[in-house]
Structure formats: C-alpha cells, structure tokens
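**Q** Position chain B relative to chain A; hints supplied.
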Amino acid sequence: MSKPTQLTIDDLKKIMRECAGEDDAVSLEGDILDTSFLDLGYDSLALLETAALVKRQYGVTVSDEDLHGIETPRAFLTKVNSVLAPV
Amino acid sequence: MSTTTSTEKARTVVTGIGLCAPNGLGPTAYWKNTLRGQSGIGPITRFDTSKYWSKIAGEVPGFEPAEHLQGRLLPQTDHMTRLALVATDWALWGAGLRSTDVPEYDMAVVTAATAGGYEFGQREMQKLWQQGPDFVSAYQSFAWFYAVNTGQISIRHGMRGPGAVLVTEQAGGLDAVGHARRQLRKGVRMALTGGIDSSLCPWAWVAHQVSGSLSRSNDARKAYLPFDEDANGYVTGEGGAIFVLETADSAAQRYPVRVYGEIAGYAATFDSRVPGREPGLRRAAELALADAGMSTKDIDVVFADAAGTPELDKAEAEAINGLFGPHGVPVTAPKTMTGRLFAGGASLDLASALLSVWDGVIPPTVNIRHPNKDYELDLVLDDPRHQRVRAALVLARGRGGYNSAIVVCEYNR
Chain A
1 MSKPTQLTID DLKKIMRECA GEDDAVSLEG DILDTSFLDL GYDSLALLET AALVKRQYGV
61 TVSDEDLHGI ETPRAFLTKV NSVLAPV
Chain B
88 MSTTTSTEKA RTVVTGIGLC APNGLGPTAY WKNTLRGQSG IGPITRFDTS KYWSKIAGEV
148 PGFEPAEHLQ GRLLPQTDHM TRLALVATDW ALWGAGLRST DVPEYDMAVV TAATAGGYEF
208 GQREMQKLWQ QGPDFVSAYQ SFAWFYAVNT GQISIRHGMR GPGAVLVTEQ AGGLDAVGHA
268 RRQLRKGVRM ALTGGIDSSL CPWAWVAHQV SGSLSRSNDA RKAYLPFDED ANGYVTGEGG
328 AIFVLETADS AAQRYPVRVY GEIAGYAATF DSRVPGREPG LRRAAELALA DAGMSTKDID
388 VVFADAAGTP ELDKAEAEAI NGLFGPHGVP VTAPKTMTGR LFAGGASLDL ASALLSVWDG
448 VIPPTVNIRH PNKDYELDLV LDDPRHQRVR AALVLARGRG GYNSAIVVCE YNR
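Line by line, the protein sequences are chains A and B.
Sequential numbering of the first sequence, starting at 1, is according to our numbering.
Sequential numbering of the second sequence, starting at 88, is according to our numbering.
With the rest of the complex left out, here is chain A (with noise of 0.2 Å):
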C-alpha cells in the first residue's frame, strides 16, 4: 500500500481524536489551524502520540526535538508536509 502523499488538517483532527481523544469542554470542529495545541487541551504527551500514529500511517518521523517547537496544526502539518512532498 502506498503512503498518503499530504496530510490534510481532517486527517490531523482524525488521528487526534484516535489518538487522544476528545470532550466536551474543547471541540476539534472548526478552524483549529492556528489555535496552539495546548488551547486544544492537548498536552506534550498527547503530541507525541499523535506524532506516533502519523509515523506509523505516513511514514514520517517528526522527532521529539521538532515537535517542541511545534505550538499549532498548523506548524504540524507544515512540517509532515514539507517531508511528504518535498518543495
């Protein structure tokens, strides 16, 4: 099977709900693209779980160094981007 060639923010909000979960008090829906992920209620561990399931279902590792640097989706998928399809 080949690997997905983007990573689309549904994508993101799919493997965020999956991988961490969601509740009542913070909703996924919307434009989340520059709301940081600690606003989102998710928290460094949840991240990298999240950057856990993307290696797994993209193949792309984004190491813990990158993702400290990392505060919003967007800058996530910017970064998983850049790797997926080169510029």
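Calculated directly from the structure, the hints in this document are not laboratory data.
Do not rely on the hints blindly, as some may be mistaken.
Here are some of the chain B residues that sit facing chain A, going by a computed Cβ distance under 7 Å [as the list claims (entries may be wrong)]:
hint: 1; residue: G158
hint: 2; residue: R159
hint: 3; residue: P162
hint: 4; residue: D221
hint: 5; residue: V361
hint: 6; residue: G363
No residue lacks a Cβ here, since even glycine has one placed at the ideal position from N, Cα and C.
**A** Just chain B, lined up with the frame of chain A:
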C-alpha cells in the same frame, strides 16, 4: 493555644465516600447489597480463563467509563484509574464539596496501589513485542504506574497540595488514610485518599496464580472462607474506596455537612523476620487504640483482614483474642462478598466501618458454614447485626509483613 498545637491535634473526619465494589457500584448500591449478604464473586468475564485453573473473581459490574469520564481521559487511563476517578467524583459530590471551594495548595491527594495499571501495561507490552516500539502508547509512560491515580486525581481537580502514593499491598488502603491524616495535621484542609486496585487481565492472572494463596476452588460460595474449617485461600477482585477527609474545623465551617465518622486512631507495624516472633498485627491494633485514646471496651466491631488461609486466619484470631479476649467483640469480613481487593480491600473495609458507624448496623460475613471453633471469634454470620456502633477497628495485612489498623468512631462535635 497556638495554631501549631491545634493542627497537631486536628481531628480528622470523613465527609465523603466514593466506592466501586464487585457487589455494588457506588456507596448506596454497595451498602444495600452488603447488608443483604449479596456477593459479587463469580466467573471472570473480562478475559478468557480457559487456560487458567483459577476462573473466578469479584468484578465491578456495570461500569461504563464513557458514561462517567470525558473522552480525553480514556486513551490515557487503565481501568483501575477510571474506577478511582469516578469514585473520587462521587466522594466529592457526596461531601458537597467542589475542589474550587478550597485553595489549591490546601488539598492533598494520597492513594494506595498494589499493581498499578496492569491491564494497560499488558496491552502496550504486547504492542511492543508484536508490532514494535512505534506502536506503544506515549501514555504507557504513566498509565501503568502505581502513582498514577494520585496524579490523575490531582490534575482533574486542581489539587496541588501534598501528593503521595503508598504501596504496602493490602495494608495500603489504610496506610494512605493514615498518611492523609498526617497531612491534615500539618495544615492541609482536606485530602482525597484511599485505594482502588484492579488487575484482572491474563498477565496479572499468571502472577495471581503463583501467589500461593489463591483459592483452588472455582465455586463462588466455597472458594473464600476465612475463619472456616474449610479455609483454602482467597479470591481476588477489583475495586476499593476513595474518601474525602477534612479537619473537623473545615467540616464545621461548611455546616451542615454529613460527617460519617472520625478517623480516631491509626498505626502501622512490620512483622519481624526473626522466626517465632509474634506477628505485628496485634501491636498495630494496640497502637491504633492508643492513638485514639480508647480501650478495647470502646470498640463495637472489628473488620478483619480475613486472609482465608488457615495459618493467617489463626494468627489474626490470636491477635484479636489477645486484645479482646475470646468471643470478646463482634468480628466481620464483608470482603467474603467481594474477594480480596489488594489496597482497595482495606479501603473498602474502612468504608464499611464508617457506614456501620453512620447506620448503626454491622454487615455480615457470608458463606461460612463451619466456623473454626478453636478461633473463639464472635463472627457476624449471614445476617447484619443491628446495633449502635460507636467505634470500629479495621485491620489489614499486606504481603511482605505489613500490618495496619484504623479506629473510626462516631463524630461528636
């Protein structure tokens, strides 16, 4: 009187009880079923036991985590943590206390644990060996850990005062409460404390089966018979209790609030490794009575550790009779309806003791058909005994030589 002196002697009361037991989810169901003698021990449903010789346990019935906890918590929690979080919510609710009512550093969390998140750990270990490290949940970093319940409770309720976890096997369910009381005496206003354990998964079952004392019987009514001539080991189970402990001053400020009872005395001892020495259980009970400023005459019931093996039952009977004399005090073991719940067991016994004091009734011990007469115990068998319970003594022994005792009593302002 200086402030320091008053906190050193601060009286500690229980204003909230939350529990999950094999014979009842929540205090109301548990107490009703316990007084009726209804057991929660039965065939294990949580995993396939066909390859194991032991096939029965006390499982908490009807617990649907998603009904009680938000989705965010589910991927990061073991079953026993979910039980503990829900029990904590019930305890706070029953106490009429919101964690926002108390300054965050004035709230302590002290829990006891025995196996940690075993089921979670098994699942992630299987992923590690079958699929590789990339498949192991990041939450494995804490979800399996003994201290996880203290951490998750603290985070959920913003309780930033002293946090601790005690690991002393069955005795832990009392030791946690003893330590929480210590924190209240150091000036903390309230504490959430107690223990909830669950390890009903194949990996844990392998360990349970080699413990040496698990009953060989798979008959729910004959497998766990403490103080019986046919005692042949114990049945295990899951669950336990979480308490809201407050200083009497704190409770009085919130008046009217239901005070189940007072934690009047606590003590812990170790068994000696020297052969032939008396086990430390009697001394733990004596020290707890002394701590409470009470004598044996003040105690209306003893909640026994009830190990279920002839040797340990005999030792406990000797400890009780050494203090109270033969047939000197009603003795009961409602855990005959739940199995031994590790740290959760002693906490559940403490909940039963408090409910006894509150309700004026001693819950029964069930399934005992041939009480060993040599033990000379006044066992409360089959039916509850309705009487005033001014004070109760709760005993617990943990594998490895731990002994703990708590005295609870009616609270008089």
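**Q** Taking the hints in turn, state whether each one holds.
**A** For each hint, the structure was consulted:
no.: 1; hint: G158; verdict: 4 Å, holds
no.: 2; hint: R159; verdict: 4 Å, holds
no.: 3; hint: P162; verdict: 5 Å, holds
no.: 4; hint: D221; verdict: 6 Å, holds
no.: 5; hint: V361; verdict: 47 Å, violated
no.: 6; hint: G363; verdict: 51 Å, violated
Violated hints, in rising order: 5, 6; the structure is consistent with all others.
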